[in-house]
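The task is simple: from the sequences and hints, build the whole structure.
Line by line, the protein sequences are chains Y and E.
Quick note on numbering: the first sequence equals residues 49 to 485 in my numbering.
Quick note on numbering: the second sequence equals residues 7 to 256 in my numbering.
A hint or two may mislead.
[Claimed, not checked] Here are the computed lysine-lysine pairs in the DSSO-like style, where the Cα-Cα straight-line distance is at most 30 Å:
hint: 1; chain 1: Y; residue 1: 471; chain 2: E; residue 2: 171
hint: 2; chain 1: E; residue 1: 128; chain 2: Y; residue 2: 466
hint: 3; chain 1: Y; residue 1: 442; chain 2: E; residue 2: 196
hint: 4; chain 1: Y; residue 1: 97; chain 2: Y; residue 2: 180
hint: 5; chain 1: E; residue 1: 142; chain 2: Y; residue 2: 461
hint: 6; chain 1: E; residue 1: 116; chain 2: Y; residue 2: 471
hint: 7; chain 1: Y; residue 1: 471; chain 2: E; residue 2: 142
hint: 8; chain 1: E; residue 1: 171; chain 2: Y; residue 2: 442
hint: 9; chain 1: Y; residue 1: 466; chain 2: E; residue 2: 20
hint: 10; chain 1: E; residue 1: 114; chain 2: Y; residue 2: 442
hint: 11; chain 1: E; residue 1: 128; chain 2: Y; residue 2: 471
hint: 12; chain 1: E; residue 1: 116; chain 2: Y; residue 2: 442
hint: 13; chain 1: E; residue 1: 171; chain 2: Y; residue 2: 466
Note that these hints are calculated values from the structure, not bench results.
As the structure is a computational prediction, the values presented were derived from the model and not from experiment.
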Amino acid sequence: MELKEKLVSSFMAFENTVDVDSSVHDIRIDAMKAFEAQGFPHKKLEAWKYTSLKSILKNDFSVFPKENEALEYKDIKKYFIHDIDAYKIIFVDGKYSSHLSATTHDGIDVCLMSSALTKPKYKVIIDNYFNKIATKDGLSSLNTAFSAEGAYIHIPKNKVVEKPIQIIHFSTGNEAALMLQPRNLIVVDENSHVQIIERHQSLTENPVLTNSVTEIFANKRAIVDYYKIQNDKQSASLIDNTFINQKQESLAKVHTFSFGGKLTRNNLNFYQNGERIDSTMKGITIIGDKQHVDHNTLVHHIEPNCESHQDYKGIFDANSTGVFNGKVVVEKEAQKTNAFQANNNILVSDKATINTKPQLEIFADDVRCTHGCTIGQLDESAMFYLRSRGIPEKEARGLLMFAFSNNVLDSVKIPEIKSRITKLIAQKLGVNIGFDL
Amino acid sequence: MLKINNLHASVEDKPILRGINLDVKPGEVHAIMGPNGSGKSTLASVIAGKEEYEVEDGEIILDGEDLEELSAEERAHKGIFLSFQYPVEIPGVSVTNFMKTAINETRKAKGLEDMPANQMLKLIREKAELLEIDRKFLSRSLNEGFSGGEKKRNEIFQMAMLGPKLAILDETDSGLDIDALRIVANGVNKLKSKDNAVVVITHYQRLLDHIVPDFVHVLYNGRIVKSGTAELAHELEAKGYDWIKEEVNA
Ligand SMILES: Nc1ncnc2c1ncn2[C@@H]1O[C@H](COP(=O)(O)OP(=O)(O)OP(=O)(O)O)[C@@H](O)[C@H]1O
Ligand SMILES: [Mg+2]
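Written out as structure tokens, the structure reads:
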């Protein structure tokens with residue numbers, strides 16, 4: 049049976065496991081219909097021209113993983129940013145793991161989607177925010193139809209959450225092939241600040257496909273700082289659908305570090321519903337082998353006096369492929385918009401490819417929009433300069449690539465993340481950067 | 007120390023060096039002068055091991071060892087240093103981190119441990135003082151946005167850090183103001199000893215007032231067409247190159 053049919057027929061069984069009286073029930077049913085009508089995206093869709101899910105969808109994914117044995121923290125510690133005190137929402141094969149997690153209801157809610165979707169005290173937030181900005185395309189609809197578990201974060205107004213929140217989804221290989229559909233909702237009210245780290249990590253070579261949807265609401269003057277660490281096994285693929293709705297004077301920043309995984313597709317969408325909003329998205333992609341990373345971004349400038357900054361760097365080795373598709377829409381009312389977009393790439397191997405395409409749709413006349421894409425090799429004169437100082441070719445190459453991607457890290461505000469990412473980059477580039485970072 | 011015999015080199019099949027002979031002994035200072043485009047920088051790059059240039063004939067011998075098979079980094083490990091006519095900007099790598107990497111890679115090649123951090127700091131402080139370089143400067147990205155003079159001074163700072171056996175200074179004086187020229191020249195002189203050697207490529211006598219050469223060579227059309235003592239540089243300053251070109255073409 050094809051995966052689509054399997055999912056459609058599993059939906060009934062899934063329905064039996066969840067509360068059909070909740071208001072979310074109708075949303076799920078509509079979403080299922082939308083998925084049935086559209087199915088999985090295919091290459092004929094403009095937005096999926098360079099990314100094919102075909103071979104991945106051939107796996108016989110199980111949709112309802114069985115209960116598995118508890119993981120020991122010491123075995124998976126390295127996937128945490130463990131040198132900082134953090135809230136933790138941890139899932140293992142899609143199921144919440146209480147012993148690995150550290151949630152809270154103390155002034156803020158850092159807990160589970162499954163509770164939020166069923167308990168009355170969360171009803172107002174769910175009614176106001178759940179599935180309000182996720183798009184109705186096939187993949188997001190599929191996630192909505194099966195939405196049951198994930199992270200639920202609500203920061204009421206005037207709270208600066210000091211500790212970052214780590215959301216990690218582990219898969220154990222308990223199933224021959226596993227499909228996960230995490231669903232996250234993050235609501236940050238007026239003047240509040242939050243920092244979130246998200247990671248998907250497979251622990252075996254068994255295929256995993258994650259189709260995740262995250263809705264983030266940054267209300268008036270809220271600050272949301274979000275880090276996605278994508279360094280999964282070669283057998284794991286991720287479709288990350290993130291939607292961010294911003295209100296006036298809010299600031300939202302998403303860093304995406306893509307170093308691993310078989311196929312990674314990031315659909316990152318910002319909607320600016322207010323004035324003086326700042327949206328920042330930054331990315332470093334360093335891949336090789338037959339890996340594929342696709343960044344598909346959208347910034348929708350709806351109101352005046354807002355800014356957006358996009359800066360994506362990519363280093364592609366071996367047979368890897370990269371896609372950058374950055375769409376910026378500036379509505380007629382969105383005067384004085386300042387939109388900046390840059391996508392710079394280095395192809396290390398002549399078998400690697402990158403498709404980069406900015407898409408600007410500007411309907412306002414008083415705006416500043418700049419964009420630039422570059423695709424290049426390493427600068428030979430810089431290589432000779434470093435080597436003439438005694439730095440061997442491999443290290444010189446690594447140093448230049450490190451330098452190329454490094455400035456993206458300037459905006460990383462958590463030092464432990466910065467040093468972790470720096471180490472991952474050095475590791476990825478196969479160099480021992482000979483100095484402290 | 008350095009012996010170059012009948013060196014022929016070309017780039018993209020275009021011959022640039024056409025039979026260079028040069029003999030540099032420990033403790034000596036050699037100046038290479040010559041009109042624009044005559045091949046001075048090419049000679050410097052070929053000695054330093056730039057792969058873009060094809061050595062078609064001849065040999066470069068350092069302390070009895072033929073350099074032909076050695077990469078640029080291996081030549082650096084053997085003590086060759088090139089101060090670039092046009093230093094390259096490396097955004098994202100600070101001067102300090104660059105020097106730490108260069109020094110420790112060189113040590114690694116010699117089978118030595120990394121230089122202890124405190125010793126490294128001391129060395130950096132000492133050499134920065136010698137060249138009157140502000141500490142803040144050292145945390146900036148290498149050569150990025152440096153003025154012409156700052157780049158040259160930074161080259162000599164690197165030379166001081168690495169302590170090469172053979173330093174080739176390619177137009178290090180260009181872009182330096184009068185005070186900087188004195189500081190840089192003074193730095194080079196301080197680094198001179200009976201065991202190392204310096205080759206200065208320059209267009210002007212004023213650098214040679216500070217770094218006094220034992221020998222002066224004129225490179226023209228890919229060949230050394232005249233050699234002499236420091237006196238030759240004065241003569242060139244006064245008379246230009248026409249008389250030499252005439253001699254060669256006669
Ligand atoms: N990579 C290259 N490709 C093509 N031509 C080159 C290359 N490098 C050098 N040349 C040519 O070789 C000749 C010698 O150049 P070189 O830079 O060595 O001259 P120079 O003596 O250092 O001149 P200047 O005094 O202007 O610095 C010039 O005609 C130059 O154009
Ligand atoms: Mg030159």
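Next on the checklist: Check the structure against each numbered hint from earlier and tell me which ones fail, lowest number first.
Outcome noted: 1, 3, 9, 13
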